[in-house]
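Q: Here is how the chains run, residue by residue.
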Amino acid sequence: MRFLLLFSRQGKLRLQKWFTPITDREKKKVIRDMMTLVLPRQPRSCNFLQWRDLKVIYKRWYASLYFCTGLDDQDNELLTLEVLHRYVELLDKYFGNVCELDIIFNFEKAYFILDEFLMGGEVLETSKTAVGVSMEEADTLQETMEEYMSKPAY
Amino acid sequence: MPAPIRLRELIRTIRTARTQAEEREMIQKECAAIRSSFREEDNTYRCRNVAKLLYMHMLGYPAHFGQLECLKLIASQKFTDKRIGYLGAMLLLDERQDVHLLMTNCIKNDLNHSTQYVQGLALCTLGCMGSSEMCRDLAGEVEKLLKTSNSYLRKKAALCAVHVIRKVPELMEMFLPATKNLLSEKNHGVLHTSVVLLTEMCERSPDMLAHFRKLVPQLVRILKNLIMSGYSPEHDVSGISDPFLQVRILRLLRILGKSDDDSSEAMNDILAQVATNTETSKNVGNAILYETVLTIMDIKSESGLRVLAINILGRFLLNNDKNIRYVALTSLLKTVQTDHNAVQRHRSTIVDCLKDLDVSIKRRAMELSFALVNGNNIRGMMKELLYFLDSCDPEFKADCASGVFLAAEKYAPSKRWHIDTIMRVLTTAGSYVRDDSVPNLIQLITNSVEMHAYTVQRLYKALLDDISQQPLVQVASWCIGEYGDLLVSGQCEEEEPIQVTEDEVLDVLEGLLVSNLSAPVTRGYSLTAIMKLSTRFSSVNRIKKVVSIYGSSIDVELQQRAVEYNALFKKYDHMRPALLERMPIMEKSATNGPTEIVQTNGETEPSVVEPKHPPLVTQPANQANDLLDLLGGNDVPVIQTTMPTKPASAGGELLDLLGDLSLSGGPAPAPAPSVPTSQPSFLLDGLSSQPLFNDIAAAAIPPMTAYNKNGLKIDFTFERANPNPNIAVITIHASNSTEADMTDFVFQAAVPKTFQLQLLSPSSNVVPALNQGTVTQVIRVLNPQKQQLRMRIKLTYTLKGSPVQDLAEVNNFPPQSWQ
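Here the protein sequences line up with chains P and B, keeping their order. With my numbering applied, the first sequence corresponds to residues 1 to 154, in that order. With my numbering applied, the second sequence corresponds to residues 1001 to 1819, in that order.
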């Protein structure tokens, strides 16, 4: 996996994870291209596209969010759909019925969870429960009962 | 100074902004506050500020002034600080900034921290964005952690090692000892990341690959356990246990089994087992099957297994799930070269995918369809592909049209089919075809002699419908210009001939000239076509008018053509029929595209794309000849003579070709009226310095004297034409032994009806006195019935001011010249 993006239908970026070093300008270009490719797609289309030399996999999440990732030739597209599905499950377990606002107001948590699940573009942990356990334990290490600990009131 | 606002507070505030400008204002205000807070070196709220900065960065605003702050957070003792600090580093820093090197020491310390979650943060950051220098510095630490018994750390260390190896491949050796026991782990996280690490190492180094082949049995065992094991809630996905690990193991097996018989054999059973037993109702099962198929195709599997794999792909093609169909088409495209027959069996399903609504699937199906076309299925496949061409999106049309042309060229079952197919493409996707298809098509049409009438009729009808598609219009105008006589005479055999008059045809062509839809190139084609019709139609005056109008066209190309054609009407009208004659069959040279086209009879001609100067052909012209009048007899056939003078304009180049008939196929040199040597020489010396004939069997046929009277002697020398042995090539050598030059010398000849004769232009029309030189001229005689050669010649010249004329019969031809 080269990158993982999460953006809304309105073109607002919610998460961006880059697994290879690229410039800021290049990142912006990729984000723009991905939005252009993915947002106009018909509802029941194939989730796979070809872009430059990458396989692009996208998955619509709820009505308004899109996951979008770029794969190398060797990566298994069908399995990547499972990877995206698993990530959503992890978020859901952590936040309890996750929705877009959770991702917006707790973006740093979304990143922490992602970093317990993937690293360097590869799956780090395949157990559904292990990621949740790690997150809980790490959260308890947080020194203050600050906003980072509590469920947000927005 | 009041405490900086909380992160959530800021997010809420920014979201209330109604316009971009309002948002920008809020952001700028907050950034200013944050900057001053940073300047004050405030430890308490640094974390909060950096978090806010990261949020604003995600919205697209610059946040580089926070980079150093991230480093300070990383160096802090607080876990909260470290967490945000490392996140900031991963989002804001990359290896291009020098700043990031300052992290190295912090990371090193944190890798040895007492808390595993701190160590985890460090490993994660290093594994995501560590530069080569950092990796070199810290590889040792990573290696240490790879050997720990703490599975949380071990799995992170394994993926971190993958990153290190990707950045600094030389360090790969270092991790080798640590890999020893990796696969004996029970923890799935560690197993998975270990397989990833092993895969990375095997992909990069053939030595490592050889070394790790011994792991195949162990991998097979692990995979088997996964499949056979009972339900494990932790790793279950829709009834399948840890699909992520299964797929990674299959991928590693693929690499290990490639080009290795023993390994391939060892994994044969498990692959068959996975292929047959995996549940296919959900995506996850299909993901595993997909990987299994890829592995089976890549290793040295036995044929039964390969067939099984292709059949799985065939089943995928019928799956309702679009993603699975797409993946199947992609895989089949990869295997179509190696397992062509097996893939052929699924041809009808693949062709059905052309009708799929999904764009990605259509593209793959099109590519695969073209790969499957062969001599047996060409008719059926082409029907489907043409239907696809009709209905597909514009983005596909160019590629599809090219594919159709290529396939048609390779496998066309008949000429008519080929022409029909190309017509179909031109009429449905004419604006999308590549430029070189026009000359290719013209060449194809020219060579299908029996289809000329049919082709021109179809093209004419197509023009009546639509003149917007330029390639079609160009080909059609060329054909009408060439075969217009067949069109009006209603000679078509293949289909019902249409009734069309000369005026109607000219209307159409003139319509092209004036239409806004016509490109300049197209206009050129149609003007030339009109001109050519002047020898095929009777309405010459109309054509003359059109041509003269365009003599003052603004378009320089059209103007030049019109002026030259005008000249043809006025000064060189006698040459017009010969110039505008039917094009002969062209032989295409081996390479594709516009290359030199060589005539079968040996004359070279300019490329077809340049229709301005059609070359002369060997067929006799249908014009009356003054010799007929002369000789009176009706056993004298029509012959062809050419004028000895050379006009300076368009016809000039043509006469070059005529004057120097190069029968061996070499390029025609410019015919300087060179003064030849006095003795009757072989052709090799006669015409020019360039050797014209390959065949030195000229010596086989002895020369002869045909005429010798009043000081004028005419000798004949012989050659066999190459490649056509029925053609005798005679060169006359006229010499003058009188004291004065013979000027205005003209040699004419006639042969009996069963022969055909062609007379080329003489080297000169002055025969110098006192045998100081000879005039040479080439005669070609076609003698298909191998009858005895006879000839009547007529000579006219002026000697000392008075004209002389003589007739003679030549009967003393050596037998070899006509046998």
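Treat the hints with care, since some could be wrong.
Subject to a maximum C-alpha distance of 25 Å in a straight line, what follows is the list of computed SDA-like cross-link-like pairs (lysine to any residue) [stated by the list, open to error]:
(1) Lys59(P) <-> Asn97(P)
(2) Lys109(P) <-> Tyr1045(B)
(3) Lys1258(B) <-> Asn1225(B)
(4) Lys28(P) <-> Leu1712(B)
(5) Lys1355(B) <-> Asn1311(B)
(6) Lys12(P) <-> Cys1031(B)
(7) Lys1794(B) <-> Leu1712(B)
(8) Lys1397(B) <-> Lys12(P)
It is worth saying that the hints were derived from the structure and are not from the lab.
Q: Given the hinted pair lysine 1397(B) and lysine 12(P), is their alpha-carbon gap at most 25 Å?
A: violated (35 Å)
Q: For a C-alpha distance cap of 25 Å, please report whether lysine 1355(B) and asparagine 1311(B) respect it.
A: holds (22 Å)
Q: Lysine 59(P) and asparagine 97(P) were given as a pair; does the straight-line alpha-carbon distance stay at or below 25 Å?
A: holds (19 Å)
Q: Taking 25 Å as the top limit, are the C-alpha atoms of lysine 1258(B) and asparagine 1225(B) close enough?
A: holds (23 Å)
Q: Sort out whether tyrosine 1045(B) lies within 25 Å of lysine 109(P), counting only the CA atoms.
A: Judged against 25 Å, a Cα distance of about 19 Å means the pair holds.
Q: Given the proposed pairing of lysine 1794(B) with leucine 1712(B), does the C-alpha separation stay at or below 25 Å?
A: The hint holds at about 12 Å.
Q: Straight-line Cα separation of lysine 12(P) and cysteine 1031(B) no greater than 25 Å?
A: holds (20 Å)
Q: Tell me if the straight-line CA distance from lysine 28(P) to leucine 1712(B) falls inside 25 Å.
A: violated (91 Å)
The structure fails hints 4 and 8 (numbered hints given earlier, in ascending order).
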